[in-house]
Structure formats: C-alpha cells, structure tokens
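**Student:** Could you put the whole structure together from the sequences, leaning on the hints where they help?
Under the numbering used here, the residues of the sequence shown are numbered 1 to 723, in order.
None of these hints come from the bench; they were simulated from the model.
Among the clues, some could well be false.
As the list claims (entries may be wrong) - Below are the SDA-like pairs computed for lysine to any residue, each with C-alpha atoms no more than 20 Å apart in a straight line:
| # | residue 1 | residue 2 |
| --- | --- | --- |
| 1 | Lys262 | Glu196 |
| 2 | Lys714 | Asp286 |
| 3 | Lys484 | Pro505 |
| 4 | Lys353 | Arg429 |
| 5 | Lys639 | Arg659 |
| 6 | Lys617 | Met287 |
| 7 | Lys484 | Met507 |
| 8 | Lys192 | His181 |
| 9 | Lys182 | Glu235 |
| 10 | Lys714 | Lys262 |
| 11 | Lys714 | His181 |
Every value quoted in this text rests on a predicted model; they were computed, and no experiment measured them.
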Amino acid sequence: MCRKGETVSQNPTYAQLKLMLDQERNRRIHAEEQLARKQDEGFKSECESPVESQLQKRIDQALRDSHNRLQTIMETCADAIVVYDADGSVTYLNPAFTELFGWTAEELMGKRIDFVPSSAMDETRKAVLKVINGERLTGFESRRRTRTGKTIDVRIGAAPFLNDDGTLGGMVVNFSDITEHKRMLGELILAKKKAEDASRVKSEFLANMSHEIRTPMNGVIGMTELLIGTGLDPEQLEFANTIRTSGDALLSLINDILDFSKIEAGKLSLEVLSFDLAVTLDTVGDMVAVRAHEKGLEYVTRIEQDVPIHLKGDPGRLRQILVNLAGNAVKFTETGEILVSAAVEEYRGDCVKIRFSVTDTGIGIPEEKLGCLFDSFSQVDSSTTRKYGGTGLGLTISRNLAQMMGGDIGVSSEEGRGSLFWFTAEFVRQENVPKPKSSNFDLADTTVLIVDDNKTNRAVMKAQLTVWGCLTDQAASGPEALQKLEMAATSGTPYDVAVLDMQMPEMDGKTLGMRIKADPLIRQTPLIMMTSMGERGDAKMFEQIGFAAYLSKPVKMTKLRACLARVCDTETGDIKNEPGRIITQYSLAEANGQQHHILLAEDNRINQKVAVKTLSKMGYTADVAANGLEALTALKTGKYDLVLMDCQMPEMDGYEAVRQIREACAGVQNTKIPVIAMTAHAIDGAKQECLRAGMDDYISKPVKPNILAAILEKWLGKASGQG
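**Tutor:** Here it is, written out as structure tokens:
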C-alpha cells in the first residue's frame, strides 16, 4: 500500500497496481479454463450444475476482492493518480489528484485534461510516446497547471496496461508535488553559489594580503640577514637579531593563519613530487639549527640506514611539520640537544611509511595536558603563550598534514626531562635514481677520529662515515683524543683526519687543536673544526692555528663529504683547495657557484638588492631584470645557468615570461633553463600554478638564504652534473 513518506523513485503504486492486475487476470483465466475443460469433458448432468455455480461464485469473489484491493490502494495513496484509456480520456482519478490539482472525478471523467504548460509540452509529448511504446516512466520531472492556473513542479511516473488481445488499454500516471523541494533546492544552489563566491573573494583577499605583507617582509628580513653578517658590535648585533626574530615570528603567524584557513575550508592539498629526503632534512636543519645554536643547544639529524632517500610525495608539507616540531623543541629547551630522526615504519609494495621523531631535553609537558595538545589554539597553559609566544595552531596543522599523508602524529613527554614528538607519513619509493656527481668522492678506508662529547653526535657521524667506507674511531673528550692520536702515530697508523667539536668540557676544540699542532708526533694530522657557535673571524683564527677546514653546524652531509675528500686529497672532481686556504662552507659554495651566472627577474628594488647581495655571498653572479620582458631580452643575449623569477611584475608577469621561454617563441638561447619561482603568494595552489606555467621549482617570500642555497644547489648541481 502506498503511504506518505515513501520515495517516488520506488514507484510502489505501479508495482502494486501491476501485481494486482496480473493476479486478477491470472485468476480469471484459470477459472475460465477450468469451466471450459469441464464443459468439454461432457459434464452435462444436473449434478454438475452446482460445480459450475460454485466455480462462478469463486470467480466473482476473486474479481471483487481484486477490485477492492486496487480501490483501496488508489484511494489511500498520497500520490495523485489518474488512469487514461487508449484515447487519452480520464477513466479514473483518486482523491489525492483532486487535492493536488483541484479537479473532481465528475468534472474530468471521459474527458481529456488540459494542464500541460506550453513550456513543458515537447518533453511531455516525448514521454507519452515512450509509454505508448511500452516503456515505463520513472522520475520524470516536469511542470503542470492546477485548476486555479497555478503552475507547480511535479515528479511523474507512468506505466501502460494492455487489453486481453495485447493492444494498448491505456496508462496509469502518478504525480508527486516537488514544488517545495525545487524551491529549497534553488535556495541551496543560490546559497552554495554565494558561499563559493565568498570563499573565492576570501581566497583572493588572502592572496593579496599575503603578497602585500610578504613583499616588504622579504626586504626587512633579507636586509637584516645581510646586516648581521657585516661585523656589528655586540649591541648592534643584538638589535639586528631582535629584528630577525620578530620578523620570523610574524612570518610564522601569517603562515599558520593561512594554513588553518585552508584546513577549515577543506582546501589544503598535497603535491606529489620527486625529492631527496636527506636534502629535505638538511633544509630543516638550516631553518632551525641557527636558533638552537644561539641557545647553546646541539642540533642533530639522524637517518637510519634502511630509510630510502629518493621518494615521491610532498617535501614542502613534510618540511613544514618537521620545522614546526623542531622549532617547538628549540623554543622549549634551554640546555641539551634536539634530535631529528627518520626510520622505516613499514614497507607496502612500492610505498614506505616513515616515522619521523623530534626529541628534546626541554621542559616537558604535564601528562594531563597531552590529550588536548593537538587541538586548535591549544597551549599547555596561558603562561606558555605569554613566555614563549605562538598561536597554538602549529600542532593542529601538523596533525592534519600527517593524516593527509597517510600517517598519524603523537607525543610522549616527561615534565622536566623532555619530549618526543613523532609522526608517520607514506611516500612512494623511487628506484634507479642517478647518483649526484659528488658521490664519486672516494673515501674508502679513510681513517677518521671523531672527537665530540655528545654521544648522539658521535653515533650519527660514525653511521654516516661508515656508509662512505670510512674507518672510524671515537673520543669523548680532548684528553682522550690526544691519547688516541699519539697511540695511532706511535703504532705507525696515524689517522687520515680528525673531526673536532668546538664546545667540549675540560678542553674545547680550539685548545685541542692547538695542542695537536704543537706536538711534533701528531701535528701532521689534518683537522676539521665543526662548531655551532661560530663568530665572524673564527675561520681566520682556526686557519692560523693550522686547521684544514672550519664548518658550521648543522653540516650538510654533501658538504662534509666534499670537505673530507679535499682535506684527504681524494676528490675526483676538478676543483682543488687552494694551498694555505682553510676550507669553509663559503669556499665550498664558491667552488660550486663560481661558474654559475643567474638572472634575477624582480621588480621591487629592495628585493633586488637583497637577492643580489645574498647570491654574491653564496658565490654566484647575477644580473637583474625588472620585468618579464626585460628577462626575455636578457635571455636572448646573455648566457645564464638559472633564472629566479618573480611572479607578479609589470608589463609581463613571470607566468607569461616562462611560457614564452618554454614555447621557444621569444628567441631565448636555452628553452630548458631552470626557472625558479619567487613569489609572495603563499596560498594553496600557488606552487601548482607556477609548475603548470613551466617553472621548475618554487620558493616563497620572504626568501631565507639557507632555503635559497638549497634550491640553487639542487638545480645547479643537476645542471653541472649533466654537463
């Protein structure tokens, strides 16, 4: 029985009508066949008359029962039902039809109904033809007029019924009033459009605000970085560091607000790019270690040996989580160390789930506060915000990113002793990736003495040196190092090189180096100084003592390998260290960059100065173009190894410029030149837009020198490797 609340798409009215009609026909046919059979068999006697009479009564009763059932269904159904004969005249309509359209059975019986608006005439004619041809109509939406002339929206179902001879007897049609449903749907569509328009306006506003804020911030932070490296007195250095710290805090706040806004809107997305995990972790170290070292903390990165380095995923979002967790670790730690590590959680086909951990020796977190730590705007308590700052959004964003990357996030902590934050993420492994040129350095069987009071530092360096084929020994203090150096020299197997940490109790690295160079037995041992507390002029001082190399922590493994190769004279490349000149990260950068010429396309004069000076300090030369047209002109006549391209410029923006470069319609010499986008747009999709336009990589403003250096090393290393 059809009841209110049943969906029209199920068409219970037609199903039951057809069932009843079929049952009625079958019973009638069966009864008539029985009667005919008995007559044919010659039952003509008077005793057979009661049988015929009884059979006829059964047939009549079956017909009455069937009629009553059909009548009940039709009369009580909430849908409006009308039955037409083969000529289209009304033979029946139910009360619901009268209620919906206004006509009574007496008014329409034997007549045709004229209630189809002209706008719905064509579609109705096509639908009727389908039913006449035997098709069943369901879910057909159209419009009809009521007796009062009001037009309503209806959902229509129709089915034909046949005569005994198989000809069309007519059709049964039902109507559901969907006027209110359509009205609400229209309102929803309008509301959705308004919401989408509002979201688009909001996104455009955020994009413009991001650009307007980041452009001057690039000048402030960039110039401050350059200012810090100009030999300021202690008070001036303190002022400059305060500006840099404040700028970094403001930038972090902007990033958190933008990302949280994207998360709330469901528009935070991930990229799938090929990347080097070791390079990504080095970049995290570049961004965080300076603050750690300013507080006297050790910053250590450890990648377990079974972790695949060449992956596919979103390195930017991975770096974002690590920078947030490591930055928090530095913020809440006053003494000790920060350890960032990566280990395999599980392999699944070509995919690998990696577990990243950030361990600190900081203030720790009370157990009762751990449960809400990843909630929005959550801090341990209000005093935390006052003392350490922050929005409380970083961990919420990190949780969402980890989950988007197929992983999870968690924390274990002991108040007063430190915390361990971890998260997992899934990546696709890349096989058969060509090794970079620097991997040709042969360090096999090179004997290295590692001198460091920090056990974690020693373990990490030993593991890496072992991978390179080095033979290692360790000393936890200056006196122990002197003893081992003397024993090795006396036995005729002196160490090929000793790597010294600067900050050690009892005897620091500087004093140890002076003692070594003063001892005729071991003075020939090449020394490499690694320090997290370097100051301007230190390299010159260590050169005078006799050190072969001076590196600031955290040291990228590629730089350490190149340094060891040059110190031990095992480098197979073309570049050699100048006699008497101490090896530093700057000299390594100069050696890498001295043959590279960069074109900078940037319209903002302050940002031009910042970029050119920063590139110069890295050992690169650069020319400036103020817009896309000037960049194309320069690329026609000049030979460049890479382009740094601002996206928003007058006359021709960066997107159009790179399109013309790639399409070879601008007459540039090298259509495959690496083009790196530099943009103040940090909204979701900005990077994808740059890559779609033809750019090779992306860096957002304000541009951090260490991030820029990593990008340049990545692409110029590729260029030189290809040559």
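**Student:** Which of the listed hints are broken here?
**Tutor:** 9, 10, 11
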